[in-house]
Structures are given as C-alpha cells and as structure tokens.
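Visitor: Given next are the chains, with one letter for each unit.
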Amino acid sequence: AQSVTQLGSHVSVSEGALVLLRCNYSSSVPPYLFWYVQYPNQGLQLLLKYTSAATLVKGINGFEAEFKKSETSFHLTKPSAHMSDAAEYFCAVIWRDSGGYQKVTFGTGTKLQVIP
Amino acid sequence: NAGVTQTPKFRVLKTGQSMTLLCAQDMNHEYMYWYRQDPGMGLRLIHYSVGEGTTAKGEVPDGYNVSRLKKQNFLLGLESAAPSQTSVYFCASVRRVGEQFFGPGTRLTVL
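Chains as they are written, first to last, in my numbering: chain A, 1 to 116; chain B, 1001 to 1111.
A hint or two may mislead.
Listed next, the in silico EDC-like pairs over lysine to aspartate or glutamate satisfying Cα-Cα at most 20 Å (straight line) [as the list claims (entries may be wrong)]: (1) A:LYS103 to A:ASP85; (2) B:LYS1057 to A:ASP97; (3) A:LYS103 to B:GLU1052; (4) A:LYS111 to A:GLU64; (5) A:LYS103 to B:ASP1062; (6) A:LYS103 to B:GLU1030; (7) A:LYS103 to B:GLU1079; (8) A:LYS111 to B:GLU1059; (9) A:LYS58 to A:ASP97.
Sample of chain A residues at the chain B side, in silico, Cβ under 10 Å [what the hints assert, rightly or not]: (10) ARG22; (11) SER26; (12) GLY62; (13) PHE63; (14) HIS75; (15) VAL104; (16) PHE106; (17) GLN113.
Note that these hints are calculated values from the structure, not bench results. Ideal placement from N, C-alpha and C gives every residue a C-beta, glycine not left out.
This is chain A alone, in the form it adopts within the complex (with noise of 0.2 Å):
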C-alpha cells in the first residue's frame, strides 16, 4: 500500500500571505498524486491533480503544486490567501493493489485558518 503524509493538521496564514501545505507520498512507481478541499459540511472537491505530465500543476482558486520525485513531495502553495480559501485540504495518490485494482490513500488533512 502507498502512503501520504500531511505535515501540520491545522495551518494559519494571514489573509493575503502565502499558503503552504504539505505533502510527503511513499510510492516505488510513478504516482498519480491530487490535492482536494473540502469546505464545512461538503463533500471533496479536485483541486488539481499530477498525473506525470508538467511537474508544475496549476489548479482552480490560484493554487498550485510542484511534483518533486527526489524529495517525494507534492506541496501545494497559493501566493496569496483569501478568506473564502478556509478549509481543509487533502493530499491523495492514486495506486493499484495486487490484484490491479484502482485505490486511493489520503492524507489526515490539513485545516486552513485564514486569519484577517
């Protein structure tokens, strides 16, 4: 099985600061790595995903993430926060079982305080 590691459950940044959030992946194969936000009381929503094309990946609401395989790392950064980015965000990777099914690892989640 793979695994995702999410340095810092809870984040805060001042509205207009840089975010940064952590993601740290265990994989022997080429990853297929996605950042998710989940707002309060929804379900997840795709943020942006890696799937070995450009190591740089721009996503929806000015968030990106950088895919560095010597580092195993996949953070994802925004240059400037907004109130309405509060949220928790997921880190997952994408892997196929023994018997080549399809399965997903997510990280525990990162909670994002925007602070005014």
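Chain A is already provided as a structure; the job is to place chain B on it using the hints.
Guide: For chain B alone, coordinates are given in the frame of chain A:
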C-alpha cells in the same frame, strides 16, 4: 447531470439497528467507493466496486456490507449499528484512472 448523490443526508440510529445508505451516480463510472471520515483520520476506505456485480473490501470493512446490482448504484449496509460507526460517510465514483467525484456525505450518529 446530478453527479454523485447520497441518501439520506442525516440519520440517527440506536445501537443494534440496521440501515442502508444509497449512492447513485449518473456519469457511467466503473469504479465506486465508500469512505468514512472521522476527525484527524482523513478518509478511510470501507468497500469499493470495480464494476456492476463486483465488490471488494477496503481498509475498514468490518461491520459493513455493500452491493452493486446496478452500475449506477452502490449501497452500503450496516447490519447492527454500533456507536463506533458514528461518522460521516462519503461515496465517490471515478473513471478508470482519475479524479474521484464525491457525494455530499451522510452524517450518521449511532446512540
């Protein structure tokens, strides 16, 4: 095009009662998944299905059963609910390899 829908949105059960959660998708996706979300634990896979008539166990399958008689529906059953099954349940569907489309969730409380 409704995407992924879940029924019901909320439910309160007493210990020992049974219930079925329904997930429906209209995107003709092959794969469907049931997760539970608990504070500080992210999403954990309960069961999944790779096509009509097939199901398989995920990470935390005990106490749950599933069925996928029709491609568009994936049912999650609790035969004898326990307080440890208090959680928010999410269904998701996906094409072969790609993003998962999530339902809005079912908030279940077992007293």
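Visitor: Now tell me if each hint is right for this structure.
Guide: Each hint tested on the structure:
no.: 1; hint: A:LYS103 to A:ASP85; result: 28 Å, violated
no.: 2; hint: B:LYS1057 to A:ASP97; result: 12 Å, holds
no.: 3; hint: A:LYS103 to B:GLU1052; result: 17 Å, holds
no.: 4; hint: A:LYS111 to A:GLU64; result: 17 Å, holds
no.: 5; hint: A:LYS103 to B:ASP1062; result: 18 Å, holds
no.: 6; hint: A:LYS103 to B:GLU1030; result: 13 Å, holds
no.: 7; hint: A:LYS103 to B:GLU1079; result: 25 Å, violated
no.: 8; hint: A:LYS111 to B:GLU1059; result: 24 Å, violated
no.: 9; hint: A:LYS58 to A:ASP97; result: 28 Å, violated
no.: 10; hint: ARG22; result: 15 Å, violated
no.: 11; hint: SER26; result: 15 Å, violated
no.: 12; hint: GLY62; result: 19 Å, violated
no.: 13; hint: PHE63; result: 15 Å, violated
no.: 14; hint: HIS75; result: 17 Å, violated
no.: 15; hint: VAL104; result: 6 Å, holds
no.: 16; hint: PHE106; result: 4 Å, holds
no.: 17; hint: GLN113; result: 16 Å, violated
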